[in-house]
Structures are given as structure tokens and as C-alpha cells.
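Visitor: Below, each chain spelled out in residue letters.
Protein chains: 4
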Amino acid sequence: MANKFNKTIISFVESNFVQQFIIGLIVVNSIIIGFETSPDIVSSYGGMLQLIDRLILAVFVIEMLIKIYAYRLSYFMNGWNIFDFIIVSIALLPTYGSLSILRAFRIFRALRLIKNVPKLRFIVEALFHSLPSLSWIFVLLSLVFYVFAVVGTKAFGTDFPIWFGTLGASMFTLFQIMTLEGWAEISRTVQHTHPFAAIYFISFILIASYTTLNIFIAIVVNTMSEIQHHDNAEQIQAIESIITDERSELINDIKILKEYIVRLEKKIERT
Amino acid sequence: MANKFNKTIISFVESNFVQQFIIGLIVVNSIIIGFETSPDIVSSYGGMLQLIDRLILAVFVIEMLIKIYAYRLSYFMNGWNIFDFIIVSIALLPTYGSLSILRAFRIFRALRLIKNVPKLRFIVEALFHSLPSLSWIFVLLSLVFYVFAVVGTKAFGTDFPIWFGTLGASMFTLFQIMTLEGWAEISRTVQHTHPFAAIYFISFILIASYTTLNIFIAIVVNTMSEIQHHDNAEQIQAIESIITDERSELINDIKILKEYIVRLEKKIERT
Amino acid sequence: MANKFNKTIISFVESNFVQQFIIGLIVVNSIIIGFETSPDIVSSYGGMLQLIDRLILAVFVIEMLIKIYAYRLSYFMNGWNIFDFIIVSIALLPTYGSLSILRAFRIFRALRLIKNVPKLRFIVEALFHSLPSLSWIFVLLSLVFYVFAVVGTKAFGTDFPIWFGTLGASMFTLFQIMTLEGWAEISRTVQHTHPFAAIYFISFILIASYTTLNIFIAIVVNTMSEIQHHDNAEQIQAIESIITDERSELINDIKILKEYIVRLEKKIERT
Amino acid sequence: MANKFNKTIISFVESNFVQQFIIGLIVVNSIIIGFETSPDIVSSYGGMLQLIDRLILAVFVIEMLIKIYAYRLSYFMNGWNIFDFIIVSIALLPTYGSLSILRAFRIFRALRLIKNVPKLRFIVEALFHSLPSLSWIFVLLSLVFYVFAVVGTKAFGTDFPIWFGTLGASMFTLFQIMTLEGWAEISRTVQHTHPFAAIYFISFILIASYTTLNIFIAIVVNTMSEIQHHDNAEQIQAIESIITDERSELINDIKILKEYIVRLEKKIERT
Numbered sequence: 001m002a003n004k005f006n007k008t009i010i011s012f013v014e015s016n017f018v019q020q021f022i023i024g025l026i027v028v029n030s031i032i033i034g035f036e037t038s039p040d041i042v043s044s045y046g047g048m049l050q051l052i053d054r055l056i057l058a059v060f061v062i063e064m065l066i067k068i069y070a071y072r073l074s075y076f077m078n079g080w081n082i083f084d085f086i087i088v089s090i091a092l093l094p095t096y097g098s099l100s101i102l103r104a105f106r107i108f109r110a111l112r113l114i115k116n117v118p119k120l121r122f123i124v125e126a127l128f129h130s131l132p133s134l135s136w137i138f139v140l141l142s143l144v145f146y147v148f149a150v151v152g153t154k155a156f157g158t159d160f161p162i163w164f165g166t167l168g169a170s171m172f173t174l175f176q177i178m179t180l181e182g183w184a185e186i187s188r189t190v191q192h193t194h195p196f197a198a199i200y201f202i203s204f205i206l207i208a209s210y211t212t213l214n215i216f217i218a219i220v221v222n223t224m225s226e227i228q229h230h231d232n233a234e235q236i237q238a239i240e241s242i243i244t245d246e247r248s249e250l251i252n253d254i255k256i257l258k259e260y261i262v263r264l265e266k267k268i269e270r271t
Numbered sequence: 001m002a003n004k005f006n007k008t009i010i011s012f013v014e015s016n017f018v019q020q021f022i023i024g025l026i027v028v029n030s031i032i033i034g035f036e037t038s039p040d041i042v043s044s045y046g047g048m049l050q051l052i053d054r055l056i057l058a059v060f061v062i063e064m065l066i067k068i069y070a071y072r073l074s075y076f077m078n079g080w081n082i083f084d085f086i087i088v089s090i091a092l093l094p095t096y097g098s099l100s101i102l103r104a105f106r107i108f109r110a111l112r113l114i115k116n117v118p119k120l121r122f123i124v125e126a127l128f129h130s131l132p133s134l135s136w137i138f139v140l141l142s143l144v145f146y147v148f149a150v151v152g153t154k155a156f157g158t159d160f161p162i163w164f165g166t167l168g169a170s171m172f173t174l175f176q177i178m179t180l181e182g183w184a185e186i187s188r189t190v191q192h193t194h195p196f197a198a199i200y201f202i203s204f205i206l207i208a209s210y211t212t213l214n215i216f217i218a219i220v221v222n223t224m225s226e227i228q229h230h231d232n233a234e235q236i237q238a239i240e241s242i243i244t245d246e247r248s249e250l251i252n253d254i255k256i257l258k259e260y261i262v263r264l265e266k267k268i269e270r271t
Numbered sequence: 001m002a003n004k005f006n007k008t009i010i011s012f013v014e015s016n017f018v019q020q021f022i023i024g025l026i027v028v029n030s031i032i033i034g035f036e037t038s039p040d041i042v043s044s045y046g047g048m049l050q051l052i053d054r055l056i057l058a059v060f061v062i063e064m065l066i067k068i069y070a071y072r073l074s075y076f077m078n079g080w081n082i083f084d085f086i087i088v089s090i091a092l093l094p095t096y097g098s099l100s101i102l103r104a105f106r107i108f109r110a111l112r113l114i115k116n117v118p119k120l121r122f123i124v125e126a127l128f129h130s131l132p133s134l135s136w137i138f139v140l141l142s143l144v145f146y147v148f149a150v151v152g153t154k155a156f157g158t159d160f161p162i163w164f165g166t167l168g169a170s171m172f173t174l175f176q177i178m179t180l181e182g183w184a185e186i187s188r189t190v191q192h193t194h195p196f197a198a199i200y201f202i203s204f205i206l207i208a209s210y211t212t213l214n215i216f217i218a219i220v221v222n223t224m225s226e227i228q229h230h231d232n233a234e235q236i237q238a239i240e241s242i243i244t245d246e247r248s249e250l251i252n253d254i255k256i257l258k259e260y261i262v263r264l265e266k267k268i269e270r271t
Numbered sequence: 001m002a003n004k005f006n007k008t009i010i011s012f013v014e015s016n017f018v019q020q021f022i023i024g025l026i027v028v029n030s031i032i033i034g035f036e037t038s039p040d041i042v043s044s045y046g047g048m049l050q051l052i053d054r055l056i057l058a059v060f061v062i063e064m065l066i067k068i069y070a071y072r073l074s075y076f077m078n079g080w081n082i083f084d085f086i087i088v089s090i091a092l093l094p095t096y097g098s099l100s101i102l103r104a105f106r107i108f109r110a111l112r113l114i115k116n117v118p119k120l121r122f123i124v125e126a127l128f129h130s131l132p133s134l135s136w137i138f139v140l141l142s143l144v145f146y147v148f149a150v151v152g153t154k155a156f157g158t159d160f161p162i163w164f165g166t167l168g169a170s171m172f173t174l175f176q177i178m179t180l181e182g183w184a185e186i187s188r189t190v191q192h193t194h195p196f197a198a199i200y201f202i203s204f205i206l207i208a209s210y211t212t213l214n215i216f217i218a219i220v221v222n223t224m225s226e227i228q229h230h231d232n233a234e235q236i237q238a239i240e241s242i243i244t245d246e247r248s249e250l251i252n253d254i255k256i257l258k259e260y261i262v263r264l265e266k267k268i269e270r271t
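Residue numbers (this note's numbering), protein chains in the order written: chain A, 1 to 271; chain B, 1 to 271; chain C, 1 to 271; chain D, 1 to 271.
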């Protein structure tokens, strides 16, 4: 009976109506959190907005608790549920003192839309789908970053502490250079004291952009060849059915031939 | 009879000659509006240019009125006609006072070329053709923008009002960062007071560029697979015709066999 | 006999040895012109370099004259020959006074390598090959540029003459914005006096980059589908040969059947 | 016997355990060299880190010497071994005086991971795999760079020595312009004294980006068409097996027909 009760709860929580109601609440909640960025609106309607925000949060918590009750531990088997759980939990944390930055994270609730709108979830899952096949090229890129960061820190660190003072600073500067943003200014400045720095910067740009280019090509080629494999399978099936159709006619013709011969045989027997 | 008159009008308005005359007028009009950007030319020939401009506009209005008269309401069923209607209407609005900016919009008449030159219309329609399949990825990108804008406004708004003072300012700054223009300078400045800002900026760049990359990939893959489907259909047809040809020879051979057997049968019957 | 003499000349001028000798001269000439950019080298070896330069130029002129003599007017039918003719002619122009800039153009002789090295010529021809199919998208992009340039000049020209003072300045600024270089700074500055300028800049960036993206996609898709058409033709041929092979066995089997029946017929006739 | 001893050595050095031990050492070594960029860590643990570094280096040297002993000259036939040899040798060079920059190159040891982790080696080999087919397009790009660098140096060198003072400076500036970084500022500055400079910069950007675009397209198209050729071969095989299957049935039918006729023949003979 508990089982039956569970099923009723699940079918209620996952009904179209409740789903759409939750989507509506997420949208309203996201807009309210957006309003809270405006001091004017906060001073006029701050109290009301906070009230609505807490009410909506209460609904989210209740929805989550019902789901956890209904699905038990299997709730936490699903990545999207864990995603939901973390987002709702952040909202429940105290937000005073050094944790006040967490208030800004409340807007992450808007990301729950991704889970609740199937089209968005599908796109995000597709985006993540390409990542594993790229993991080793990311390892390679990280290795390139690390090697260049160490060389940069050791070679330019003492003269240009803001850009290359620590490994972290060098990594940030290399990321900046990879985006090609302001790289020439940095390179020209460093070249004043280290004439060979141009080799460092240009070789990094070439290696990093060639590797990034290949990440991009890998995604295009993977996606295309998956589609192609599917298409090829379809094409082979189409050709197979054509061949089968054509052959069935031939087989029929041969069958008729056989009947002719059998008839002939009988005639001969009769004579 | 009204109907017949309508047909005559339509066939006249849509005749090659009138079409090319209109294209010519659009080009001349666009050049004149271009001339008007030069104070020297305006001071010497301003009156004449304005006269020609008004004459051409008159022709456009007459052409439009004739079409509306001929097609009646069905004129407004066509997106390109509405496009035309708005562009011509803008030109008729008064342009003094706060509406003087509308004078700059007169050059939009040049865009009528897109409607009137088939090749251009074809390309623009192809450009729009890809958009619907991208709509959900744009929703996702907007969501990412919104979440980052809210976080940015709340976290950096008070310290950097020019970049993150309001939601709108944050959105503009995020768009700037997505184009990678000057992002490093903004990030380095914000990092002075908010050491963890680098995470904000780098994660936004990675998410935004990965999503944009996937918009691009989606267009390439869509276009390619459409072409491929068409090609595959052609290929299957080619293979089908080959198989049919080959088979017809076999069927012929079998038919001859049949005739042989029938002949044989007759011979046996005769004996 | 003149004809025979011509053929001897042509086969000499186009012989591997002469071709490679010319390539060698172009390389040497390009290096010498490169050396002339260094004041030190010019002050020490200037005279010698100029002498070699003139000697090589003389060889180029003689080669060209021989070819023109041999091919007559048909020499000018070939685009690459006209290219050669212009480059060699520039070198013969006087280079004093206001024409001294033409001295810098002497390095264009290095471009003769493209004509003389088949691999390079092939690549350049392939690059040009894609252009015609892109011509209308370039017309569209020019139209977008023109419209935005006129709007920009009229709206921002008086306040920001350096960026939008004339149609030409606006076009340059728009090209700069299309490359995303420094666009945010321009936009933020213009926004101070024209709050709605952000719409102008962002819409231009979106339209220009989407159109450029489609230029790129058009090239990829064109190249891919050309290769694919070639591949498909090959594939159909392969399948055709398989089908023909298979069928020939069947036809052979049927032929044997026929022979059986004929033998049978004869036996019956004999009885 | 020496041979047998060699084989034992090789199978030991290339055993999974030793390989993974070396990978572990490379990672530890890379982290240690990373630590050495921090003055705090160096002042506290500098001696210990240097000791571990030397111990690990000793292991690398011993591993290399064993391999050289075992493989003799054939060791140097493999590109990856030469790569290893150079990296380990750099570490053994003295690092005082003007060679102290070589200390920074010790981190190149981290690149040995590429050789030792098969997945990384595979990716890097794939990255290099595309390069030869691009070599002529690089020659073309170099030619374009050289021509523009010579023109730039001659035309703008005296007025803007920092950007165009020497051929090398011009090449660097052109590379910067190709990355679109700060090109507009350079162009606007040069235009003050050379009004036609805009043509120089814009034509370089168009030519360089169109050529680069084609490098990119060449890689995509090459990769795609390699995959496609493989796919097509598979598809043809699949179709061949379908046709063969279908035909075998037909052949069987015809065989039965033959048996019928033979039986008929025997019957006739008997009568």
C-alpha cells in the first residue's frame, strides 16, 4: 500500500500540470532575483519580493522532499536530481557575514529550468555528450599550459610579477594570450628586457590555437560521422529492400520456369 | 472585369522591366542618401538631391499603393511585403524634433534591394532558414547570460558601476567579454577587489564560447546533413536504376528460357 | 618555319631547366629586395645589390619578351601572364618623386613564385575557385556595411568625426568592429551621448558575424559536397561493378540452363 | 647470449610496471619543478626538492642509457627517442652564467608524458599528421607575410620604427595584425602620415584571414573525407554482402532448375 501511495505521489509530482507550475515558479523566481539587483525596486518592494522568494523556495523544498520521500535513495542516482538538490540547498544556507556572497548564487535556481524544460535538457546533455571524447586533448592542452606557465614564471616572473609572478598568474596570462586579448602589448613589453620572448609568445599562440582548432574539428567530425553512420545504415537498408524487391521478381520468374518444367515433365510421363 | 484589370496591373507591376526600374531607383536612392552624409555635397546640391529623393519616394509609394490595391489584404500576408511597407512608411513620417533620428533610417530603403534582387532574397531566406533550429540554444545562451549578469551585478555592481551597475550594464559587459574584447583588463581590475573574479570571467568565457561553438557546429552539421540526405536519396535512386537495368537483362534471359521450354513442350506434344 | 622556330623557343622557355632557373632568380631577387630594407646592408653592399637586382630584372624582361614574341596575342589571354606582365612592368616604371612608393612594390615580384611553382599556383587557384560562389553573400555584406555606415555617419558623425565623420571613416570603423577589435571602447564612448548606440553596435556585430559565419559555412559545405559528389560517383561505380560481376555469374548459370534445354530438345527430336 | 640478455633488458624496460613508474616520476618531477617557481617553497624545501629532482633525473638518465645500450643505433631511428634524448640532455647541461635560461627548460621533461602516455602520443601524432598536407599553404602564407613585411618596412619603417623598423619587426607586427589584436590602433596611427595605409592593413587582414580560413577548412575537409572514404568502403562491403546473399539464393533456385531439367532428361532417355 505504501508502494501504491508512492506511485500516486510520483504520478502527481511528475504530472504535466505540476511540472509546468514548477517551470512557472522558476521563471517568476528568476525575474524576482533579477529585480533585486535594482536598488530602487528593492527599496520600494523589497519586502514583498523577499516574501514571494521565500514562498517559492518553500514550494521548491517541499517538491524536493516529496521526491526524495517517493524515490528514496534512487533519487540521488540521477545527476539532474543532485544538481537540483545542490541548488536548493545553497538557498537554505545562512547568508550573513563572509557567506553573503552565497546570496548571489540564489540565481542559480534559474538553471533548474534546464532540468525542467526537456528541450534545454536535451541540448545541455548534447553539449556534455561531446566532452568525454575531448578529455585527452584537454589533458594535452593543460600540459602545454603547465609547461609554458613554468617557463614563463621562471623566465619573466621577477621582471613582470603582475603577469608572470606566480604559476597562477602565468596561467591566467596564458589564458588571456590564448584568447589573443592584448597579447601583443604583453609581448612587446616583455621583449624590452627579454628579446627572445617573442618566440615564447608566438609559439604558445600557434600551439594553443592549433590544439584548440583540433578540439573544434574533433567535435565537428564526431558529430558529422555519427550522423553519417546513422545515414549509412539507413541507406544500406534502403538498398537492401530494393535488392530484395528486385530479387523477389526474379525468384517468381524462376518459380514459373520450374512450374513449366514440372508441367513438361508430367506431359512426358503421360506420353 | 475588376479581376481582369487586377491581373493586368499585377502583370505590369511584376514585369521584368518595372522590377529592374525599381531596383535601379533603389540603387540611385541609396547613393543619394549616401551623398547626403557629406556636408560639402549637401551645401552644393542639397536641394537637387532632396528633390530626387522625394520623387523616388513618390514612385515607391505609388508602386506600393498599386500593389496593395491589386492584392488587397493578401498583400500583408507576405513577410517581404510587410518589410517593404514598414520601410516606405518610415520615410513618410515627420522627421523634425525628437524624431529626427528617423531621417537616418531612410537608408533602410537600400534594404529593399534584398527583396527585389532574387539572389539576395534567396541568401537572406537561407540565413533565416537556419535560425529556428537554433532557437533553443539561444534560449540556453540567454539563460547563461541572465544568470551571469545577476551574479555579476550583485557581486561587482557596487564597486564597478560602469561595468556591472545594472542588469543591462552587466549584459553589455558580458557580451563584450563573449567577443573577448578587453576582457582581460576588466578581469584584472575586478580581481584587485574580488580575488575570485577570475573564476567568474574564465568560466563565463568557456561556457559562452563552448555554447557559441555549438551554435556554429549545429549550423554546419544541419546544412551538411540536409545536403547529404538529398545526395543519399539520389544515390539510392542511381543504384536502384542500375539494379533494375541489370535485372531486366536477367528477366529477359529467363523469358528466353521460358520460350525455349514452351517450344520444347510443343515439340513433345507433337511427337 | 617561323612556326617551327616558335615551337623551339616555347619548348626552351618552358623547359624544366629554364623554369627552375627563373624560380631560383625570383627567390634570389626577393631576398635581395628584403636585404634592401636594412640600412646597414644597403650602405655596405647597396651598389652590388642594385646591380644584381637590375640583372635579374633584365632576365625577367627578356623572358617575358621571348614569351610574348612566341605566343603573340594569346600570351595575354592567360590571367597568370597578365599578372606577370603587370609585375614586371611596375619594376620598369621610374621611381623618383611621388612615384617612389612604387619602389616598395618591386617585392611583388616575389609573387611570381605563385605562378611558377605549380603547387602554389594550384592552391591560389583553389582559393579563387571558391570566390564566385560567395559573390552574392559579399554583395549582401556590402549592403549591410553601406546601410550601417550611412546610419552611423548621420547619427554619430558630428560628435565623433574620427570614427564616423565620413562614409569612408564609418566603413573603416565598421570593419574594425567586425573584427571585434576595440569595439567595446568605441561603443561605450558613443553611448555617453547616444544611449541607444549599444543597439547599433550589437546588432551590427550580430548581423556581420552571422553573415561572415555563413560565408565560412558556405565554403566548407561547398568543398565537402564537391568531394562527396565525387565520392558518391565512385561508390555507385563500385556498386555497379559488384552488381555486374554477380549478375554475370547468374547469366552464366542461365546460359548453362539454356544449353541443357537445347540438348534436351535435340534428344527429344532424335527420339 | 648478448642478444638474449638484450631481450630481457628490453622486456624489463618496456614492461607495464617500469612504464608506469616512469610516468609517475615524470608527474612528480613536473610538480616539483612547478613548486620551484614559488620563492617561499624554495626557501623552505629548496634543498630537498633539488635532491629529489636530481634523483629522478638520475633514473631518467639510467633508463635512457639502458635503452641506448639495448637498442644500439636503432634507438636513434625513432623520433620520440630523439625527443627524449634532447630533453634529458638539456637537463644535464651546466646552468650557470648565460646558460641559466636553460634551467627553465627543465620543465620540458613534463613533455615526456606525451611519449609515455599512449593516448597523448596518439593525439600529438594525429596533430602532426595533418601538417604535411598543409605545408604548401604555409609556404603561401609565408610568401604573403614576406611581401607585406618588405612593403611595410619600406613604406612605414622610417616613421614607425617600433612597428616596421626592420623586417623582423614588420613580421611581428603583421602576425599581431593577423591575430586582429590592436590592428585598428596601428592602422589609424599609420594613416595619419600615410593616408593609403588602410588599404595595406585591410588587404592584409582579408588575405591572411582568408588563407588561414582555408588552412582550417583543409583540415576539416581532409579529416572528414578520410573518415568518409573508410565509411564508403564499409558501406560497399555491406552492400556487396547483401548482393552476394541475395544472389546465392537465386543461384540455388537456378541449380534446382538445372536438376529438374536433368531429371527430365533422364526420364526422356528412359522412354
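Keep in mind the hints are simulated off the structure, nothing from the lab.
Among the hints, a few may not be true.
Since the list gives no way to pick one copy over another, a pair counts as held whenever it fits inside one copy or between any two copies.
Here are the simulated BS3-like cross-link-like pairs (lysine-lysine), alpha carbons at most 30 Å apart as the crow flies [said to hold, decoys possible]:
hint, residue 1, residue 2
1, LYS258, LYS7
2, LYS255, LYS267
3, LYS119, LYS266
4, LYS266, LYS4
5, LYS67, LYS255
6, LYS255, LYS266
7, LYS67, LYS4
8, LYS258, LYS115
9, LYS266, LYS115
10, LYS67, LYS7
11, LYS7, LYS255
12, LYS119, LYS7
13, LYS115, LYS255
14, LYS255, LYS119
Visitor: Does each hint fit the structure? Answer for all of them.
Guide: Consistency of the hints with the structure:
1. LYS258 to LYS7: neither (63 Å within a copy, 67 Å between copies)
2. LYS255 to LYS267: Both: 18 Å inside a copy, 21 Å across copies.
3. LYS119 to LYS266: neither (70 Å within a copy, 73 Å between copies)
4. LYS266 to LYS4: neither (71 Å within a copy, 76 Å between copies)
5. LYS67 to LYS255: For LYS67 and LYS255, the Cα distance exceeds 30 Å both inside one copy (64 Å) and across copies (67 Å).
6. LYS255 to LYS266: both (17 Å within a copy, 20 Å between copies)
7. LYS67 to LYS4: Within one copy, since 15 Å is at most 30 Å while 67 Å is not.
8. LYS258 to LYS115: Intra 64 Å, inter 67 Å, cutoff 30 Å: neither.
9. LYS266 to LYS115: neither (75 Å within a copy, 78 Å between copies)
10. LYS67 to LYS7: within (11 Å within a copy, 63 Å between copies)
11. LYS7 to LYS255: neither (58 Å within a copy, 62 Å between copies)
12. LYS119 to LYS7: within (26 Å within a copy, 47 Å between copies)
13. LYS115 to LYS255: neither (60 Å within a copy, 63 Å between copies)
14. LYS255 to LYS119: neither (54 Å within a copy, 57 Å between copies)
Comparing the model with each numbered hint stated earlier shows that hints 1, 3, 4, 5, 8, 9, 11, 13 and 14 do not hold.
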